[in-house]
Amino acid sequence: MSAEVDLKALWNKEEAKDMPDTKELLKKADRVRKLTRIKLITQTLILLATVAVLLTVGFRIDHEQVTTVIGLVLMIIAIVSYLAVANQLLPMLFKSDIGGSSQDYLNQLIRIKRKNEFINKVMINIYFGLLSLGVFLYSLQFVKRMSTGWEVFYYVMVFGWMGFSWFWSRPRGVKKKQKPLNDIIERLEAVNKQLGDSD
Amino acid sequence: MVFDEIYKTYWNKVFRICMGYVNDHDWAKDIAQETFVTIWQQLPKFRGEAAIGTWIFRIASNNCLRQIERQNRMPRSDMPEQIAEHIEHDREPQVQFLYKCIAELPETDRLIISLELEDVKQAEIAKIVGLSETNIRVKVYRIKERLAKKFENYER
Chain A
4 MSAEVDLKAL
14 WNKEEAKDMP
24 DTKELLKKAD
34 RVRKLTRIKL
44 ITQTLILLAT
54 VAVLLTVGFR
64 IDHEQVTTVI
74 GLVLMIIAIV
84 SYLAVANQLL
94 PMLFKSDIGG
104 SSQDYLNQLI
114 RIKRKNEFIN
124 KVMINIYFGL
134 LSLGVFLYSL
144 QFVKRMSTGW
154 EVFYYVMVFG
164 WMGFSWFWSR
174 PRGVKKKQKP
184 LNDIIERLEA
194 VNKQLGDSD
Chain B
384 MVFDEIYKTY
394 WNKVFRICMG
404 YVNDHDWAKD
414 IAQETFVTIW
424 QQLPKFRGEA
434 AIGTWIFRIA
444 SNNCLRQIER
454 QNRMPRSDMP
464 EQIAEHIEHD
474 REPQVQFLYK
484 CIAELPETDR
494 LIISLELEDV
504 KQAEIAKIVG
514 LSETNIRVKV
524 YRIKERLAKK
534 FENYER
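If you read the sequences in order, they're chains A and B. All the letters of the first sequence, read from the start, carry residue numbers 4 to 202 under my numbering. All the letters of the second sequence, read from the start, carry residue numbers 384 to 539 under my numbering.
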């Protein structure tokens, strides 16, 4: 008996004895679909609620200066865009075709992960930038009413917080998100390289 | 081909391919189920650009490759020996050895040899994996050689 026949015979001896019932499988498929839909709806609702709260709170205050409104709008844009990206509310950016060849699929996965990596990095910068600027502009109107001592104290605090966020929290946030992504990209690339090795 | 028919015809084939990839019964079953869920979802969109088998095996292979994204799953080899033995008590040692050897190969080689052992034509394997037929032929030859060597040592 040749090695090939042996291998094939051995290979075919493996069976999943407990093949799930078609109904059970389709129920599972349905559950997955429903869960995805519920997740998407919940995320959208949370986003809308956040915007509603910010708008209600923000616009109840007297706006003597245009900077207050600009600041508020910037803060809303920062939070909404961050949440939208963090929850992957842009599915068209992350779509993949699982019916393609393995090589195409691996390349798609790598492209998606790279896009993810880039968006994370850019988004976290945009988020911190907009939020800091927004808070600063928003508070100008209120700071004007303070005494000089409090004004100085306020600016020290605000710039201190911005510096801390930018130089401490931001790099850590970026790193924390990038690490698992980079690991996956690295492994996907290693597998993709196996296909490139035309030995 | 209706879904029921596809499911019955391909369940064991897809399961074995997943098993060759991960060598873990439960995990392989999960991947096989995910594969059929995808097939069920995408079947209405299937236009017959490729043979149905090629399409099914592509989805199965890609689902296996997607496991790269899931880091937290404990690999079979990391399980305490007692548990591993308990699960495998009703499998023939040679069958276990074959699947173990295959699961130790580089990821794409696992898929290629699994498809070959599943009697998929090399031209089809080339379409599934995305390599040329010549390349597949060479790879299959080398993998078989490697497996044969391992079996030689195993039987000694």
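None of these hints come from the bench; they were simulated from the model. Mixed in with the good hints there might be a few duds.
What the hints assert, rightly or not - Footprint (simulated), chain B over chain A, 3 or more residues, beta carbon under 8 Å:
#1 9 to 18
#2 43 to 57
#3 108 to 118
#4 185 to 195
Said to hold, decoys possible - Here are the computed lysine-lysine pairs in the DSSO-like style, where the Cα-Cα straight-line distance is at most 27 Å:
#5 B:Lys391 / A:Lys16
#6 A:Lys196 / B:Lys391
#7 A:Lys11 / B:Lys527
#8 A:Lys31 / B:Lys527
#9 B:Lys428 / A:Lys16
#10 A:Lys11 / B:Lys428
#11 B:Lys412 / A:Lys16
#12 A:Lys16 / B:Lys504
#13 B:Lys391 / A:Lys11
Claimed, not checked - Sample of chain B residues at the chain A side, in silico, Cβ under 10 Å:
#14 Arg399
#15 Ala415
#16 Phe419
#17 Glu432
#18 Ile442
#19 Asn445
#20 Tyr482
#21 Asp492
If you're wondering where the values come from, they're calculated on a predicted model, not measured in any experiment. Ideal placement from N, C-alpha and C gives every residue a C-beta, glycine not left out.
These are the hints, each one checked on the structure:
{"no.": "1", "hint": "9 to 18", "result": "holds (count 9)"}
{"no.": "2", "hint": "43 to 57", "result": "violated (count 0)"}
{"no.": "3", "hint": "108 to 118", "result": "holds (count 3)"}
{"no.": "4", "hint": "185 to 195", "result": "holds (count 5)"}
{"no.": "5", "hint": "B:Lys391 / A:Lys16", "result": "holds, 17 Å"}
{"no.": "6", "hint": "A:Lys196 / B:Lys391", "result": "violated, 35 Å"}
{"no.": "7", "hint": "A:Lys11 / B:Lys527", "result": "holds, 11 Å"}
{"no.": "8", "hint": "A:Lys31 / B:Lys527", "result": "violated, 37 Å"}
{"no.": "9", "hint": "B:Lys428 / A:Lys16", "result": "violated, 34 Å"}
{"no.": "10", "hint": "A:Lys11 / B:Lys428", "result": "violated, 33 Å"}
{"no.": "11", "hint": "B:Lys412 / A:Lys16", "result": "holds, 16 Å"}
{"no.": "12", "hint": "A:Lys16 / B:Lys504", "result": "holds, 20 Å"}
{"no.": "13", "hint": "B:Lys391 / A:Lys11", "result": "holds, 21 Å"}
{"no.": "14", "hint": "Arg399", "result": "holds, 5 Å"}
{"no.": "15", "hint": "Ala415", "result": "holds, 7 Å"}
{"no.": "16", "hint": "Phe419", "result": "holds, 6 Å"}
{"no.": "17", "hint": "Glu432", "result": "holds, 9 Å"}
{"no.": "18", "hint": "Ile442", "result": "holds, 5 Å"}
{"no.": "19", "hint": "Asn445", "result": "holds, 4 Å"}
{"no.": "20", "hint": "Tyr482", "result": "holds, 6 Å"}
{"no.": "21", "hint": "Asp492", "result": "holds, 7 Å"}
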